[in-house]
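**Student:** Sequence order for the protein chains is A and B.
With the first sequence counted from 1, adding 8 to any position gets you the working numbering.
With the second sequence counted from 1, adding 72 to any position gets you the working numbering.
With a straight-line cut-off of 20 Å between C-alpha atoms, the simulated DMTMM-like cross-links for lysine to aspartate or glutamate are:
#1 B:K157 x A:D288
#2 B:K259 x B:D315
#3 B:K157 x A:E74
#4 B:K214 x A:E74
#5 B:K304 x B:D482
#6 A:K222 x A:D123
#7 B:K214 x A:D288
#8 B:K395 x B:D191
#9 B:K356 x B:E123
#10 B:K318 x A:D182
#11 B:K395 x B:E136
To give a feel for the contact side, a few chain A residues facing chain B, derived at Cβ under 10 Å:
#12 L72
#13 S157
#14 Q158
#15 A159
#16 Q177
#17 L180
#18 G181
#19 D182
#20 I271
#21 H272
#22 Y282
#23 K283
#24 L291
Note that these hints are calculated values from the structure, not bench results.
Quick caveat: nothing in here was measured; it's all calculated off a predicted structure.
By construction, the Cβ of each residue, glycine as well, lies at the ideal position given by its N, Cα and C atoms.
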Amino acid sequence: MGSQVMKAPGGTAAVAPSYARRSRQLRRLVPIYLFLLPGMALFLTWQLYPLADAFVMSFFHWNLLEPSTFIGLNNYQRALSDPLFWQSLRNVVVYTVITVPGQMVLGLAAALLLDQSLRFRAVFRTLYYLPVITSWVVVSIMFTYLYNSQAGPLNYLLDDVLHIIPNYQIWLGDPNTALPSIATMGIWKGTGWNMVIFLAGLQSIPREVYEAAKVDGAGAIKRFTHITLPLLRPTTTFLVVVLVIGGLNTFIPVWIMTQGGPIHSTETILTYMYKKAFADIDLGYGAAISYLFTALIFLISVAEIRILRRRYEY
Amino acid sequence: MRRLLLSFLAIVCLSLAMAPAAHVAASKSVGSSLHGTVNYWNAYGNGNSAEAQALTTKVIPAFEKKYPGIHVKNLSLPYDGFFTKLLTSLAGGTGPDVIRSDIVWVPQLANIRAIVQLDKTSWFKAYAKQVFPGTLSTNFFKGHYYGLPLDTNTRVLIYNKTVFNQAGIASAPTTTAQLVADCAKIKALGGGHYCYAEGGTGAWNVLPWIWSFGGSITDGRYRTAAGHLNDKGTVAAIKFLVDLYKQGYLSPSILGGGLSTTDCMGKNLCGMILDGPWMVPIFKASYPDLQSGLSLVPKGPGSGSHSVVGGEDIVEMSQSRNKPAAEAFIRFVLSPQAQIWMGNVGQMPVLKSLSGSKQLPSYFGIFQKQLKVAEPRTPSPHWSSIDDIISTEVQRALRGDASPQSAMNDAARQVNALLH
Chain A
9 MGSQVMKAPG GTAAVAPSYA RRSRQLRRLV PIYLFLLPGM ALFLTWQLYP LADAFVMSFF
69 HWNLLEPSTF IGLNNYQRAL SDPLFWQSLR NVVVYTVITV PGQMVLGLAA ALLLDQSLRF
129 RAVFRTLYYL PVITSWVVVS IMFTYLYNSQ AGPLNYLLDD VLHIIPNYQI WLGDPNTALP
189 SIATMGIWKG TGWNMVIFLA GLQSIPREVY EAAKVDGAGA IKRFTHITLP LLRPTTTFLV
249 VVLVIGGLNT FIPVWIMTQG GPIHSTETIL TYMYKKAFAD IDLGYGAAIS YLFTALIFLI
309 SVAEIRILRR RYEY
Chain B
73 MRRLLLSFLA IVCLSLAMAP AAHVAASKSV GSSLHGTVNY WNAYGNGNSA EAQALTTKVI
133 PAFEKKYPGI HVKNLSLPYD GFFTKLLTSL AGGTGPDVIR SDIVWVPQLA NIRAIVQLDK
193 TSWFKAYAKQ VFPGTLSTNF FKGHYYGLPL DTNTRVLIYN KTVFNQAGIA SAPTTTAQLV
253 ADCAKIKALG GGHYCYAEGG TGAWNVLPWI WSFGGSITDG RYRTAAGHLN DKGTVAAIKF
313 LVDLYKQGYL SPSILGGGLS TTDCMGKNLC GMILDGPWMV PIFKASYPDL QSGLSLVPKG
373 PGSGSHSVVG GEDIVEMSQS RNKPAAEAFI RFVLSPQAQI WMGNVGQMPV LKSLSGSKQL
433 PSYFGIFQKQ LKVAEPRTPS PHWSSIDDII STEVQRALRG DASPQSAMND AARQVNALLH
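Using the sequences and the hints, build the whole thing.
**Tutor:** Structure (structure tokens):
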């Protein structure tokens, strides 16, 4: 900092100003910022600006074409006293409570099986992962046919072949079975992704730890509960946070399979928000619902990370 | 440094060159007002539907021949998602000039001033006189007409002659009591047969029964549902459906899941459905062996046969940049020839002069007869919420979560909050 004393030709001393150094730094940084600029511009335009605009919109009543009217916190108060908002929230929490453990347990089981030297391991991995890469729309339509109460294969299998159920069930038309039916599809679709993440976690656990445990006489179950599970904690934390966010944001399967029915038993926050904004043309209210939900997801995520974060050393 | 800057500039220029072309400038009316482009949106499904084909191969070419300076850009979309797409483009200022609007959307679009008050034009009255009054009323909102009817329809009883023969039923029921008796015979066939199939519990599905039992949704001025949506006739209609469901006469499709009404009829598993004129060409294409008949909706006790007015209106968007050309197109699609072309693909005409015309499919006769005793749905900008309330409460009654009276009391209370 400050000037540097330099030897000029002929041995006399001369001072190099610090702005020359700053100028060099700036010349180095300018191209970097220029290359970042287009991506940042897109991010600002298509992500940040709509987010900010939606937040502002949540304090207005706006029907799309006419000038909006400022109504303060009215939309938020309306949402908090709206029974359908709370029912949608309950539904989406139930969906998450069913799908998150379901995916994780089945994903971990598959990962444990595939973390061994098996023939055709790659084939099994691919088969488990196929549902993950299949479009939600396609899967939802397929499962709608599967669950069809008159001609669906599920009823045929459970009633006509296995005689497990007394008669054909209206899976998607009964408030008691509609949400669990959609959740089952969610578990089927997400298990493969969990398997891949758990597999990566399992392969990062050093084998020596297991060998040392074997030497100490620990059986398979003890090794699983005292080594595998604790050392998978970072992976588990990541999965819980991501899957809970994903579960709470369920939209496509519900929209395609039941549209929130029957009797709002599968209504999620996002389907309810979508209907309010685009069917009832009440965009301010839809925006308020989305921000209330965002705040909730943020709080849940922070709580999850705090509760589940614990370092393990080995 | 210079190289880096030059590289950056090259990337920027390339990006701009590849950017989508700027929004095409609005069609200008040059000289005469009948020039330019008319963007016409409709829900005739994808471009392969019979309706879209008739529109693009007959109606639009004939219009463009009459008005060589106007080009019609047609966009046929599936019904689901049409309204959302319309709203999104209106918000972005890229909406169409004219749309074929579901009649239930007109109050909503009028309420947000998205469509033009057509009764302010000099030519409106002349065209309004030519259409059926019931169909014209679907364009009325808060004292003004916001469009003209384009096509109309209603629901009649479609019965499966094969199933009827198997069950020993000679003819279609004309009363609800006869329908119940016929249901017992069809149920006796067993083998997954249902007497009656309905696709849902929304207003479109249940209103023919509500009105045929002497019930209603609101008073005549659409101001209150109390004493109407929960009156004796409405409750009796819901109880009728509940009894049909409890006795196993009603297909599970009414509550979601199950075969569609089309497939149920086509596979000879259902005896009767209520549906519109589009089903005749649909059955002909999908189930050519189906033997079916058409009849009026059965009368309820102490009441007549009633049904629900459906159809679409043709409306002009407020954002249209070529209103003279748009209005010329609206007038053209209401011409007798255009109505006949669309009529021959199942779109029932609205012109009084075409009533009983031999140029139209003969099966239109029963629908036109039913239309004489068909009622329009409540013209409210909150119609989608009202529809949802009716659907939810009827479902609660069908499932036994509430009695028909209790469910309709709840419905009336909730609908009242929307009407006030």
